[in-house]
Amino acid sequence: MDKQRRQFLKQACWTLLGSGLMVSGTISLPRAVAAASGRQHRYAFLVDTHKCIGCGRCVAACRKENRVPPESYRTWVERYVVSQEGTVSVDSPHGGEQGFPALSAQHNIARAFFVPKLCNHCKEPNCVQVCPVGATYVSKDGFVLVDERQCVGCGYCIQACPYGARFMNTVRHTADKCTWCFHRVTKGMLPACVLVCPVGARQFGCIDDPTSPLAAVLRTEKLQVLKPETGNEPMVHYRGLDKEVR
Amino acid sequence: MKHAGHVIRLAVVLIVLGVAFFAVRSVMVPEGFGTHHSYTYGYFRAASEQEQASLAPVYRGSDKCRGCHEAQHANWSQGKHVSVACETCHDSWQAHNNNTKEKVVKDSSIHACMLCHATLTGRPETFPQIDTIERHVAAKGKEYQPGTTCIACHQPHNPI
Amino acid sequence: MTELITKGFLFPNDIEVHWSLMIVLYPYITGLVAGAFIVSSLYHVFGRTELKPVAKFSLVAAFSFLMFACTPLLFHLGHPERAFNIMFTPKFTSAMSGFGYIYSFYLLLVLCEIWFVFREDIIRKVRETRGIVKACYWVLALGSLDDSEEARRLDHSITSVLAAIGIPSACVLHGYVGFLFGSLKSNPWWSTPLMPVIFLMSAIVSGIAILIVGYFIVMKVRGTDPDAACLQSLYKYLWGFFIIDLTLELLELLTMVYEGEESWAIIAWLLKDKLWFSYTTVQMLICSGIPLVLLGLVSLKPMDSLMRNRLGLISSALILLQVFAMRWNVVVGGQLFSKSLRGLTSYTPDVIGRESIVMAAILFIMPFVVMYVFNLILPLWNKDQPESTTV
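Chains as they are written, first to last, in the working numbering: chain A, 1142 to 1387; chain B, 1030 to 1189; chain C, -8 to 382.
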């Protein structure tokens, strides 16, 4: 009786183990899922610091378009003032949303300029690499997006972004950031910030068509990106990115 | 292994826990969750892309305004402010269209123009800027009347 | 919300500190777990018989802290109700994703080890009690009352195996946290290959320190003397591991100073300004310098047990503070400067609230409550059996 019971137990254990492994094997290993859409374009963003006037219309439009909570910024503008002696002062009052105040004291200014910033939608974003639950990802078209239904709000991606582009959405309690207005681009529109810029300092377009103007600019002009040493391959390109800009 | 009965019992408990966990997991993982193009960068819930794409736009672009404001649109497209979208100064289509009976946002104060055209360190020198409206009017050889705004001489849609 | 004091230029999204006191507390608690477990394993695997008096205590301490290890994280998450996503859809390219499975595996391992270590006592309780209590103990014994010599020997060898597996597991449980910080290229205060080792060494140190303090207090409350040989051994291990820990921490700083990379300017400002008190004064001068000397005296110089225990206790308390300060300086310190490398912000935890000082204190005290309750169910020291260093 003892031996039979032991045999039964043994068999039961193996059965349970086997079925457990089978069940887990079919759902735990990451498997390739059919593509959500057949779209496959590559986009890029171009910022021209020679043109930006620091009016802040882009920041204001983004806030309305994307319901960005106060004190958080999907995009912002920085002002750099370099004196003749080489001292640098940088400011971004409320992200530049209401423009910039006149400088209080006019030092000997060697050069001054505005630099719009936004999410760079890197090709190899380390913010996506560090998400523990698969809530942020790169879409087939290269947009770096956040699944707000999946995000647990741990904040690791916010720490990881080298550019300060991410923030914690205080309404949804999930990570949030500029999406290059994915919901607009997929309808054939331009991102809101590009639309409202009065001087054309922001440009956006599809670059997998080699004849598109933006593709030509990216190929032939000498442009810069922010923090290339990260290896993230940011896709926001800059004209006139000064060495003082981080 | 005569005295290993208690070890077997523990093993059974653990295995049951393990199977129960994976059973629960198979129910809880959302539909379409998996690796889409790369594990590092493309491990996500498939439906999320569509959800993001289906958000409603707030700004619609100047072509949309043309439908009701043909005259202003025509005037605008011939002038220097053609690079400035309608919604840059007049707020979004959504804000206006929801109150179609109300007039579109129209800020005629100096501030609306000075936001871009005030002299400000950092602005490109080729960009038209003025210090104050008084000095600008004086520079044009005219007499400044207190309370004058920019629109006294400049059409906002076609300013020069 | 307390006023934020910012200096210089920060990116607008960098002004607020996201990883709060709760994220300082989490590695502190898992550090205590790893350290306590290592002490337990020093006895069960490496045969340090002088540590027998604290072997059960350290194992239960590891378990108690492990029970509450995930609570600071749950209090921090934006969506704690989705916390299980880390077990359902983990993405293993993220160091943080390891948390779900590593933590669960380690919790089960410690639970199993406790079960095997306490089986004798559970079976005795089944025999000594009646009614519902007897039934509860019977369930705890999984219905097996086999406490024969062979069963005990089997339990003993299984315990050794579990303790042996548990050592690398404890290292991974705490090491992954270090890697979580150390692998982040965007933060120059965190990014270093030394981080997992620094975290692990300071974890071991904090675990030994809390065992010393805990063992001492419990013995005093019970009215018995703590085992002198056990304490002396713990003091020596504490000193040894602390030397390694401090060396690594200083090496990291020294390398940063020497290399003088672009980020050094803002980090130097950080250390002189926002971290002057918590890093230079508390972590280094007071809580590293003093224990280093005192423990050296305790380990090398012959002295009467009263003096030895006084110095040893002071050192242990200071080290517990040092490790907490280290966690604070790493976690919070790394967020006090902007990615612009041009500005500093401030952080003051709330007094009450979800991620507050009071909450942190409660979560830190709870493991001691667990230990107390555990002791009521299964005594950590048997009154009738004298404390002995023989197996």
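These are calculated hints, taken from the structure and not from any lab test. For clarity, every value in this text was computed on a predicted model and none was experimentally measured. Honestly, I wouldn't trust all of these hints.
Here's a subset of chain B near chain A, in silico, CB distances under 8 Å, partners left out [what the hints assert, rightly or not]:
| hint | residue |
| --- | --- |
| 1 | Arg1074 |
| 2 | Ser1083 |
| 3 | Gly1096 |
| 4 | Cys1097 |
| 5 | Ala1114 |
Calculated cross-link-like contacts (lysine to any residue; reagent style SDA-like; alpha-carbon spacing at most 25 Å) [stated by the list, open to error]:
| hint | chain 1 | residue 1 | chain 2 | residue 2 |
| --- | --- | --- | --- | --- |
| 6 | C | Lys125 | B | Ile1037 |
| 7 | C | Lys(-2) | B | Cys1097 |
| 8 | C | Lys116 | B | Thr1150 |
| 9 | A | Lys1281 | B | Ser1067 |
| 10 | A | Lys1205 | B | Ile1037 |
| 11 | C | Lys(-2) | A | Leu1367 |
| 12 | A | Lys1151 | C | Lys125 |
| 13 | A | Lys1384 | C | Lys116 |
| 14 | C | Lys116 | C | Met58 |
| 15 | B | Lys1031 | C | Trp372 |
| 16 | A | Lys1328 | B | Gln1081 |
| 17 | C | Lys(-2) | A | Arg1147 |
| 18 | A | Lys1384 | B | Val1053 |
| 19 | A | Lys1328 | B | Lys1031 |
| 20 | A | Lys1328 | B | Ile1037 |
| 21 | C | Lys(-2) | A | Lys1328 |
| 22 | A | Lys1151 | B | Val1045 |
Cβ coordinates follow ideal geometry from the N, Cα and C atoms, glycine included.
Going down the list of hints, with the structure as the test:
1. Arg1074: 5 Å, holds
2. Ser1083: Because about 7 Å separates serine 1083 of chain B from the closest Cβ in chain A, which is inside the 8 Å limit, the hint holds.
3. Gly1096: 16 Å, violated
4. Cys1097: 19 Å, violated
5. Ala1114: The hint holds - alanine 1114 of chain B has a Cβ within 8 Å of chain A, the shortest such distance being about 5 Å.
6. C/Lys125 - B/Ile1037: 22 Å, holds
7. C/Lys(-2) - B/Cys1097: Violated: lysine -2 of chain C and cysteine 1097 of chain B sit about 50 Å apart, past 25 Å.
8. C/Lys116 - B/Thr1150: 82 Å, violated
9. A/Lys1281 - B/Ser1067: 10 Å, holds
10. A/Lys1205 - B/Ile1037: Answer violated: lysine 1205 of chain A to isoleucine 1037 of chain B is near 63 Å, above 25 Å.
11. C/Lys(-2) - A/Leu1367: 23 Å, holds
12. A/Lys1151 - C/Lys125: 29 Å, violated
13. A/Lys1384 - C/Lys116: Cα-Cα ~74 Å, so violated.
14. C/Lys116 - C/Met58: 24 Å, holds
15. B/Lys1031 - C/Trp372: 30 Å, violated
16. A/Lys1328 - B/Gln1081: 12 Å, holds
17. C/Lys(-2) - A/Arg1147: Given that 25 Å is the threshold and the Cα spacing comes to 72 Å, the pair is violated.
18. A/Lys1384 - B/Val1053: 54 Å, violated
19. A/Lys1328 - B/Lys1031: 72 Å, violated
20. A/Lys1328 - B/Ile1037: Distance ~61 Å between lysine 1328 of chain A and isoleucine 1037 of chain B Cα, so the pair is violated.
21. C/Lys(-2) - A/Lys1328: Outside the cut-off at roughly 43 Å; violated.
22. A/Lys1151 - B/Val1045: Status holds; Cα separation ~14 Å.
Checked against the numbered hints above, the structure breaks hints 3, 4, 7, 8, 10, 12, 13, 15, 17, 18, 19, 20 and 21 and satisfies the rest.
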